[in-house]
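If you read the sequences in order, they're chains A and B.
Once you know that position 15 of the first sequence is 15 in the UniProt record's numbering, the rest is easy, because the numbers rise by one and skip nothing.
Once you know that position 85 of the second sequence is 85 in the UniProt record's numbering, the rest is easy, because the numbers rise by one and skip nothing.
Simulated from the structure, these hints should not be mistaken for lab results.
This structure is a prediction, so every number in the text was calculated from the model and none was measured.
Careful: at least some of the hints might be erroneous.
[Stated by the list, open to error] Computed cross-link-like contacts, DSSO-like style, restricted to lysine-lysine with a CA-CA straight-line distance of at most 30 Å: (1) B:K260 / A:K44; (2) A:K51 / A:K65; (3) B:K51 / A:K212; (4) A:K44 / B:K269.
There are 2 protein chains.
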Amino acid sequence: MSKTERSKPKYPYFEEETSVDVVNARMGPDVDPRLREVMSVLVKHLHAAIKEIEPTHEEWLQGVKFLTEVGQMCSDWRQEFILLSDTLGVSMLVDSINHRRPNGATENTILGPFYVPAAPRYANGTNICLDGKGEPMVVRGHVVDTDGEPIAGALVDVWQTNDDGFYDVQQKDVQPDWNLRGVFTTENDGSYWYRAVKPRYYPIPDDGPVGKLLGHLGRHPNRAAHIHFIVSAPGYDPVITHIFTPDCQFLAEDSVFGVKDSLIADFQKVTDPARAYELGFESPFWSVDWDFVLAAKKDTTKE
Amino acid sequence: MSKTERSKPKYPYFEEETSVDVVNARMGPDVDPRLREVMSVLVKHLHAAIKEIEPTHEEWLQGVKFLTEVGQMCSDWRQEFILLSDTLGVSMLVDSINHRRPNGATENTILGPFYVPAAPRYANGTNICLDGKGEPMVVRGHVVDTDGEPIAGALVDVWQTNDDGFYDVQQKDVQPDWNLRGVFTTENDGSYWYRAVKPRYYPIPDDGPVGKLLGHLGRHPNRAAHIHFIVSAPGYDPVITHIFTPDCQFLAEDSVFGVKDSLIADFQKVTDPARAYELGFESPFWSVDWDFVLAAKKDTTKE
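Based on the sequences and whatever the hints tell you, model everything.
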């Protein structure tokens, strides 16, 4: 068969100018519509990036090697691609897109890798600091709806680092089980309160390829000091969020872009020994007032 | 310290609208300028893709898991991220960008994973098919410059699959060493010729996550039948290229987008027993005439 006898190709051959169309036209007729949409957009932007960067063969190979190392760093205990997503702002972007809340509702931020479900349920006021380290802190507030009405029986699930900047699960041989974790339930007036210690900043795991990349980019791996919460109640959108200390040196440079202006709390330093005594604290201690505002679930009758 | 006392952040906090600027502003002042450029463009297009796709949290997690599987499929013998790059047209795009040749010079295409350096050097005319399988083929032509002047002493490094669709290195226990590989040197008139067998189409490795993705996309893993060449001569840009058979059923659907119109050769079926006898072939056999056109190196005096 000679070249001139062959039939016209179903699709044109690959050319630089038409690369996106050629690749996307290759998908079959029965592809899941959402997958078709996702892949078409990914190929479009991936090719646009390549055309703008014009990588050399060596640079392309460096990219391949980097992604391979990221994949190979992953284990049951480590998700390096999530770290990559976090440090490039992708995780926060996905979070923002999925949590465009009505004005006034508490803003979401990323879950992070250290959440452990089914923490102990405690009576309000319980001190969840089990290792005795750090500056004592009391957190008090209400869970309310977007009209300011209290929500009784809401769950406030909290976790944070200890004063050394580690979560209990990172130091299983050092910290008591469930140190600085607990689930509280709001009273009839929507109120909750508990005792703990002021949280510390800490680095995300930076001994892998993502940490190395951050180094090359002149970036540090530290997360601004924060407390994690998941607040939920029947009939409302649960909120996964943090509150941040206003005095952390990394507040404006959180390595995963988790800080939102609306999530920076007042941390009041209290030096009155009588107030400390009431709480069973040494003086001074930190006092935080924080309300959570939940939005009603869409398309769902409140239970 | 109260919220109002804290100093203004050096950069604004992350918001959906400003996400690209916030992430890229985080790079330090001493970052390698090329790395800064590459990362800025990648973050811009990555965020644009996310904003267009609006992935759910579950879809984002599926993406993370897919990339992790791709990384974990890689080994000393398997580069799944290169397969991903190949099947999304990225490898061909990078190749095209780096090989915009003067009109008339032989076009490049991708190297592929089966090249082995330092194949045996043979006299012109040698038959490199060592397993006796397949339809005999003779390839004849010249290596010339862009003015059509012959280039003597050019190296024509060739490799291809056997008639079962496998390279020797994929079947180390089955095929003779260096089966269907060899390096030929052009004569004073620029000519080269050798004997082999008509190449077969074959699938790229499709037992990993990339093969699974191709399946979901309604795409097959087959490469159109081709012969690989690296042609080089002092003072000229080496060309890494293929020639394709015009009658392959996958010509218009090469799984890695390697086909270019200019690289489809005439494969003439010869039934004359006298001509077969001259070549030591059974009749019929395939005859291919193919010239390679090399462009002079830029900024280099021809040696």
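Status of the hints after comparison with the structure:
1. B:K260 / A:K44: holds (21 Å)
2. A:K51 / A:K65: holds (20 Å)
3. B:K51 / A:K212: holds (27 Å)
4. A:K44 / B:K269: Roughly 42 Å between the alpha carbons, so the hint for K44 (chain A) and K269 (chain B) is violated.
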